[in-house]
Amino acid sequence: MANQSRVPGQECAPPISTQPDPERRTFLIQGGTLTGLVSFGLLGAPSAGVISPESLPAESGRTGIVEAFGGIPATGDQVHVTVPSTVDDGAVVPVSVESSLPDTREILIVVEKNPIPLAARVRIPEGTDAFVSMRIKVAESGDIRALVRAGGQMYTASAQTKVTVGGCS
Amino acid sequence: MTEALVLMPHPMESGFRRTGQGGVVPAHYITEVQITVAGRTVLEATLSPAVARDPLLSFRFRGGRPGDPIRVSWVDSTGVRRADEAVIA
Numbered sequence: 001m002a003n004q005s006r007v008p009g010q011e012c013a014p015p016i017s018t019q020p021d022p023e024r025r026t027f028l029i030q031g032g033t034l035t036g037l038v039s040f041g042l043l044g045a046p047s048a049g050v051i052s053p054e055s056l057p058a059e060s061g062r063t064g065i066v067e068a069f070g071g072i073p074a075t076g077d078q079v080h081v082t083v084p085s086t087v088d089d090g091a092v093v094p095v096s097v098e099s100s101l102p103d104t105r106e107i108l109i110v111v112e113k114n115p116i117p118l119a120a121r122v123r124i125p126e127g128t129d130a131f132v133s134m135r136i137k138v139a140e141s142g143d144i145r146a147l148v149r150a151g152g153q154m155y156t157a158s159a160q161t162k163v164t165v166g167g168c169s
Numbered sequence: 001m002t003e004a005l006v007l008m009p010h011p012m013e014s015g016f017r018r019t020g021q022g023g024v025v026p027a028h029y030i031t032e033v034q035i036t037v038a039g040r041t042v043l044e045a046t047l048s049p050a051v052a053r054d055p056l057l058s059f060r061f062r063g064g065r066p067g068d069p070i071r072v073s074w075v076d077s078t079g080v081r082r083a084d085e086a087v088i089a
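Going line by line, the protein sequences match chains A and B.
Counting from 1, one number per residue, gives the positions in the first sequence under our numbering.
Counting from 1, one number per residue, gives the positions in the second sequence under our numbering.
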């Protein structure tokens with residue numbers, strides 16, 4: 001739209017031409033082969049010390065968050081973060097995180113240079129794979145970091161992406 | 001193993017975006033999502049406005065059977081709640 005400017009680092013999404021309405025949801029669900037029967041029900045561990053994205057200092061960046069959670073560097077085969085090495089539009093950046101660490105309970109996605117670094121916090125119940133994929137906004141080139149809570153410890157790994165036009169958080 | 005792809009149409013306004021008039025588009029984004037299959041929680045997430053517009057979540061879980069109802073509920077920063085259901089194919 002003409003009245004919506006696009007200032008890298010300030011704007012967070014491409015101009016919206018039609019107001020989207022949260023009226024419809026689309027599912028694409030593929031049933032696959034079934035292995036075993038896992039029915040532990042709700043979250044195995046209570047989400048102790050839940051930190052909402054807003055409760056983190058806006059400028060905390062990576063250091064603040066990693067300190068807050070105490071991430072131990074994970075090896076590439078323990079935690080794998082996948083992002084495109086370059087993206088044109090920072091408003092829509094696909095990211096996926098997969099953990100092979102036993103007893104993975106949570107995956108957090110942190111965009112180190114975003115005004116609000118913590119993009120999402122995903123709780124993984126028993127029976128769900130330690131994998132999540134989503135699309136995030138990235139203000140500028142830098143590291144996309146995953147924090148993984150597994151076996152009572154927090155681990156961390158990251159991957160770099162280069163953004164042509166930033167889409168701030 | 002069941003693979004789920006969930007699309008939640010939502011503006012996910014960060015509150016940082018400006019209009020040409022110098023105003024700020026108010027923040028409006030999904031804050032919490034819960035996904036259950038036949039009553040069992042298979043994923044829960046807290047989202048920030050750094051999740052892209054129309055959040056698309058992909059994940060995998062065990063124990064899902066064709067015909068099981070999968071239910072997605074969310075609440076956004078304005079307090080709006082929404083829940084929808086589909087069936088595992």
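Mixed in with the good hints, there may be bad ones.
Stated by the list, open to error - In silico DMTMM-like pairs for lysine to aspartate or glutamate, Cα to Cα no more than 25 Å straight-line:
| id | chain 1 | residue 1 | chain 2 | residue 2 |
| --- | --- | --- | --- | --- |
| 1 | A | K162 | A | D89 |
| 2 | A | K162 | A | E126 |
| 3 | A | K162 | A | E140 |
| 4 | A | K162 | B | D54 |
| 5 | A | K113 | B | E85 |
| 6 | A | K162 | A | D103 |
| 7 | A | K113 | B | D84 |
| 8 | A | K162 | A | E112 |
| 9 | A | K162 | A | E98 |
Stated by the list, open to error - Partner residues aside, some chain A positions facing chain B, computed with beta carbon under 8 Å:
| id | residue |
| --- | --- |
| 10 | I72 |
| 11 | I116 |
| 12 | F131 |
| 13 | M134 |
Because the hints were derived from the structure by calculation, they are not lab data.
Heads up, the beta-carbon is just placed ideally off N, CA and C, and yes, glycines get one too.
A quick look at each hint next to the structure:
1. K162/A - D89/A: holds (10 Å)
2. K162/A - E126/A: violated (35 Å)
3. K162/A - E140/A: holds (7 Å)
4. K162/A - D54/B: holds (22 Å)
5. K113/A - E85/B: violated (36 Å)
6. K162/A - D103/A: Violated. K162/A to D103/A sits at ~32 Å, over the 25 Å cutoff.
7. K113/A - D84/B: violated (34 Å)
8. K162/A - E112/A: Holds. K162/A to E112/A sits at ~13 Å (cutoff 25 Å).
9. K162/A - E98/A: holds (21 Å)
10. I72: Violated, about 22 Å.
11. I116: holds (5 Å)
12. F131: holds (6 Å)
13. M134: holds (5 Å)
Hint violations for this structure: numbers 2, 5, 6, 7, 10, all remaining hints satisfied.
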